[in-house]
Amino acid sequence: MNLDLPLVFAGLMGLAMLMYVVLDGYDLGVGMLMPAADASEQELMVASIGPFWDANETWLVLGVGLLLVAFPVAHGIVLGALYLPVAAMLIGLMLRGVAFEFRIKAEGWHRELWNGLFWFGSFLASFAQGFMLGRYITGFQPGFGYTLFALLVGASLCGGYVLLGATWLILKTQGVLQAKALGWARWGLAWVALAVALVSLATPVVSQSVQAKWFDFPRTLALMLLPLATLAAGWWVWASTGRLKRAEPQPDWVPFAAAVAIFAIAFAGLAYSLFPFVVIDRMTIWEAAAHPSALRFMLIGVVIVLPLLVAYTAFAYRVFRGKARAGLYQ
Amino acid sequence: METPEVLLLARAQFGLNIGFHILFPSLTIALGWILLYFRIRYARSGDPAWLATYKLWTKVFALSFAMGVVTGITMSFQFGTNWPGFMQKVGNIAGPLLAYEVLTAFFLEATFLGIMLFGMNRVPGWVHIFASAMVALGTTLSAFWILALNSWMQTPAGQVVQGGQIIAGDWWQVLFNPSFPFRFTHMLLASGLTASFVVAGLSAWRLLRAGDDASARVTLRTGLVLAAVLAPLQALVGDQHGLNTLEHQPAKIAAIEAIWKTERSVPLVLLAIPDEDGRRNEFAIEIPRAASLLLRHDADAELKGIDAFAPDTAPVVPVFFAFRAMVGIGMLMLVVAWWGAWATRRGRLPPRWMLWTLSGFTFSGWLATLCGWLVTEIGRQPWLVTGILKTADAVGGASGAQLGASLTGYVITYIAMFLAYMVVLTHLAGKGAHA
Numbered sequence: 001m002n003l004d005l006p007l008v009f010a011g012l013m014g015l016a017m018l019m020y021v022v023l024d025g026y027d028l029g030v031g032m033l034m035p036a037a038d039a040s041e042q043e044l045m046v047a048s049i050g051p052f053w054d055a056n057e058t059w060l061v062l063g064v065g066l067l068l069v070a071f072p073v074a075h076g077i078v079l080g081a082l083y084l085p086v087a088a089m090l091i092g093l094m095l096r097g098v099a100f101e102f103r104i105k106a107e108g109w110h111r112e113l114w115n116g117l118f119w120f121g122s123f124l125a126s127f128a129q130g131f132m133l134g135r136y137i138t139g140f141q142p143g144f145g146y147t148l149f150a151l152l153v154g155a156s157l158c159g160g161y162v163l164l165g166a167t168w169l170i171l172k173t174q175g176v177l178q179a180k181a182l183g184w185a186r187w188g189l190a191w192v193a194l195a196v197a198l199v200s201l202a203t204p205v206v207s208q209s210v211q212a213k214w215f216d217f218p219r220t221l222a223l224m225l226l227p228l229a230t231l232a233a234g235w236w237v238w239a240s241t242g243r244l245k246r247a248e249p250q251p252d253w254v255p256f257a258a259a260v261a262i263f264a265i266a267f268a269g270l271a272y273s274l275f276p277f278v279v280i281d282r283m284t285i286w287e288a289a290a291h292p293s294a295l296r297f298m299l300i301g302v303v304i305v306l307p308l309l310v311a312y313t314a315f316a317y318r319v320f321r322g323k324a325r326a327g328l329y330q
Numbered sequence: 001m002e003t004p005e006v007l008l009l010a011r012a013q014f015g016l017n018i019g020f021h022i023l024f025p026s027l028t029i030a031l032g033w034i035l036l037y038f039r040i041r042y043a044r045s046g047d048p049a050w051l052a053t054y055k056l057w058t059k060v061f062a063l064s065f066a067m068g069v070v071t072g073i074t075m076s077f078q079f080g081t082n083w084p085g086f087m088q089k090v091g092n093i094a095g096p097l098l099a100y101e102v103l104t105a106f107f108l109e110a111t112f113l114g115i116m117l118f119g120m121n122r123v124p125g126w127v128h129i130f131a132s133a134m135v136a137l138g139t140t141l142s143a144f145w146i147l148a149l150n151s152w153m154q155t156p157a158g159q160v161v162q163g164g165q166i167i168a169g170d171w172w173q174v175l176f177n178p179s180f181p182f183r184f185t186h187m188l189l190a191s192g193l194t195a196s197f198v199v200a201g202l203s204a205w206r207l208l209r210a211g212d213d214a215s216a217r218v219t220l221r222t223g224l225v226l227a228a229v230l231a232p233l234q235a236l237v238g239d240q241h242g243l244n245t246l247e248h249q250p251a252k253i254a255a256i257e258a259i260w261k262t263e264r265s266v267p268l269v270l271l272a273i274p275d276e277d278g279r280r281n282e283f284a285i286e287i288p289r290a291a292s293l294l295l296r297h298d299a300d301a302e303l304k305g306i307d308a309f310a311p312d313t314a315p316v317v318p319v320f321f322a323f324r325a326m327v328g329i330g331m332l333m334l335v336v337a338w339w340g341a342w343a344t345r346r347g348r349l350p351p352r353w354m355l356w357t358l359s360g361f362t363f364s365g366w367l368a369t370l371c372g373w374l375v376t377e378i379g380r381q382p383w384l385v386t387g388i389l390k391t392a393d394a395v396g397g398a399s400g401a402q403l404g405a406s407l408t409g410y411v412i413t414y415i416a417m418f419l420a421y422m423v424v425l426t427h428l429a430g431k432g433a434h435a
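Chains A and B are the protein sequences, given in the same order. Under the working numbering, the first residue of the first sequence carries the number 1, and numbering increases by one thereafter. Under the working numbering, the first residue of the second sequence carries the number 1, and numbering increases by one thereafter.
Since the hints were made in silico from the structure, they are not lab data. Mixed in with the good hints there might be a few duds.
[Unchecked claim] Derived list of chain B stretches under chain A, where covered just means 3 residues or more per stretch with a C-beta under 8 Å from a C-beta of chain A:
{"#": "1", "region": "40 to 52"}
{"#": "2", "region": "55 to 68"}
{"#": "3", "region": "195 to 206"}
{"#": "4", "region": "404 to 417"}
[Stated by the list, open to error] With a straight-line Cα cutoff of 30 Å, these simulated DSBU-like cross-link-like pairs (lysine-lysine) come out:
{"#": "5", "chain 1": "B", "residue 1": "LYS304", "chain 2": "A", "residue 2": "LYS105"}
{"#": "6", "chain 1": "B", "residue 1": "LYS59", "chain 2": "B", "residue 2": "LYS431"}
{"#": "7", "chain 1": "A", "residue 1": "LYS105", "chain 2": "B", "residue 2": "LYS261"}
{"#": "8", "chain 1": "A", "residue 1": "LYS105", "chain 2": "A", "residue 2": "LYS213"}
{"#": "9", "chain 1": "A", "residue 1": "LYS245", "chain 2": "A", "residue 2": "LYS323"}
{"#": "10", "chain 1": "A", "residue 1": "LYS213", "chain 2": "A", "residue 2": "LYS323"}
{"#": "11", "chain 1": "B", "residue 1": "LYS390", "chain 2": "B", "residue 2": "LYS304"}
{"#": "12", "chain 1": "B", "residue 1": "LYS59", "chain 2": "A", "residue 2": "LYS323"}
{"#": "13", "chain 1": "B", "residue 1": "LYS304", "chain 2": "A", "residue 2": "LYS323"}
{"#": "14", "chain 1": "A", "residue 1": "LYS180", "chain 2": "A", "residue 2": "LYS245"}
{"#": "15", "chain 1": "B", "residue 1": "LYS390", "chain 2": "B", "residue 2": "LYS261"}
{"#": "16", "chain 1": "B", "residue 1": "LYS304", "chain 2": "B", "residue 2": "LYS261"}
{"#": "17", "chain 1": "A", "residue 1": "LYS105", "chain 2": "B", "residue 2": "LYS390"}
{"#": "18", "chain 1": "B", "residue 1": "LYS304", "chain 2": "B", "residue 2": "LYS55"}
{"#": "19", "chain 1": "A", "residue 1": "LYS245", "chain 2": "A", "residue 2": "LYS105"}
These numbers were taken from a predicted model, which means no experiment stands behind them. Quick reminder that beta carbons are idealized off the backbone N, C-alpha and C, glycines included.
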């Protein structure tokens, strides 16, 4: 078997990261929306993500695990350069993870405190992830401008997660809360547009190789499909939430699907721009790859486990399909 | 190589994280199986009391599991941020083992946990039991991979050097390296004891608060019987693990027993204050020739001392004391478990002072487990991977200031998390199970 193993693992890692961003994105988004809802709505919001958040975060472990395992040298460079935002993200993820459990058991002001920490943790983790994305695509260059840029990407990724969270709530709730979520989704959409624009503008400016790839006629024309598709998906979110607002017939999963489409297209664009680098302009996936013996051993596991994983994940989502109900532990 | 401060901070941070993390898996690995037992008892009897018991302990499990997940994610990042040299040197072996843990264990437990916690009314009974079994299996599989990796780092086997890289020649040998069977069994039993004492201790707490409670009586008995069975097994396995260590990591045994010089007829040091600079023991209480007898089954046998391994020796003081604390706590646990099992025979309710004792022993398993890990992790220093990579050569990436700042953040977060965990746990246990 003559497989390009680094390429296979780069694909798997990308897939894991995209799964993470979409899946944990919606539950982080729901966490950030908590302060905008009243107490009974908060119960429903939490119930809508309760069975899933744990498994969603596992995709992050898989994504960073594959980076660690398949591209060990790049892992050291990337995580070394992102040391503090990684620590901030981890503290955020810890706070929200335990706050989720604690708030169910708490009463009165205790519950308010945990709600607050759940919101804060969700926000901190999302912001840190966006900040890391901003640093990563600018090649970790020092300087005020780059830091400011990373902060902007951090803020706009929060908006992106809010979009995912709001559209998830449109799917999982009804009535007043769903109506609120329709409004939140449109705010999130504005932010995600900013995020996509920022990242798209920055990569060719920062990197010669990205620039060369983008402005290489006639390939540029084919590439134009990506921004057009993003625009279409954005319009799809806008139109479908509009129809739901006006109570016109419209399946409630459509806004979420459209939001996922935005993330998937943006991700495809990013992957196309960066490829074959794992650290932009510094290290390709083949330079960073682990020994073939290690990659082969892992591939066996991936081939066996991944279908099972997809099957039981699908099963879990099927079990909890339909609108969320309050009273999680009952 | 980085400055000593960076090494110290990196170790402090990783040690804090891994020490905090291990508390929760060591509880949930066995608690998962105990929950499955409760769930099956409910399925067979249809008795709502078993259901209430199951639900109460599910909450304890979920809380502990979440603590384990979030601190575990932190660790997966710290491998890279604190020890880049580790992955560069042995990443071709350590990486796949970690990846297999994520693939086979993390997703299994995290996904089925959702169904186990929230899906009881949404799936048929057997599917729910299956989900509970998958959660228990997932936590145990997770321990399998992590213990395989840790054991390989202690007693490497199956690796070859190819083109300057260390790769696995034989994965089977890597997984089932010499210390793995002992370490894995030792850890599973440690988890069994930790969980059974938590179950017994929190049930005793409930009985103290409520006077009497049928569900708490049953779980008290379950925890005590389990502990009474596992404690002597653990003593046996621990002894075998020690002999295995003598064979493969004699330097660690020298540190554990504070044997400074290689000689024949070595006494067993029960207690002493080891003097690292003077390379001798102060105020030693010894049994003549007992160490030779115990470790070699021959009172005149020679044992290698710390001098035989210089300069690559571990600090003696922490290893020596942590080992004695582990054994001491373990013995106390055995006595308490047997005593408690006797006192609860045929449905008897133990006297209040005994319930207080049991409550006091709730987290004894944690203490013993932490001491055990301190022994094995400090005892292999200065090696990170025995004979292959030194800890000092693996550190790097972050500056002292970054490490210090993030360490402060972690310490504050962990203290807050731990306090909240304890408050909620005592609160849950005090309220007891409600049908």
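Status of the hints after comparison with the structure:
no.	hint	in the structure
1	40 to 52	violated (count 0)
2	55 to 68	holds (count 7)
3	195 to 206	violated (count 0)
4	404 to 417	holds (count 6)
5	B/LYS304 / A/LYS105	violated, 55 Å
6	B/LYS59 / B/LYS431	holds, 12 Å
7	A/LYS105 / B/LYS261	violated, 56 Å
8	A/LYS105 / A/LYS213	violated, 54 Å
9	A/LYS245 / A/LYS323	holds, 18 Å
10	A/LYS213 / A/LYS323	violated, 45 Å
11	B/LYS390 / B/LYS304	holds, 22 Å
12	B/LYS59 / A/LYS323	holds, 24 Å
13	B/LYS304 / A/LYS323	violated, 68 Å
14	A/LYS180 / A/LYS245	holds, 10 Å
15	B/LYS390 / B/LYS261	holds, 24 Å
16	B/LYS304 / B/LYS261	holds, 7 Å
17	A/LYS105 / B/LYS390	violated, 45 Å
18	B/LYS304 / B/LYS55	violated, 53 Å
19	A/LYS245 / A/LYS105	violated, 35 Å
The structure is inconsistent with the numbered hints 1, 3, 5, 7, 8, 10, 13, 17, 18, 19, although it conforms to all the rest.
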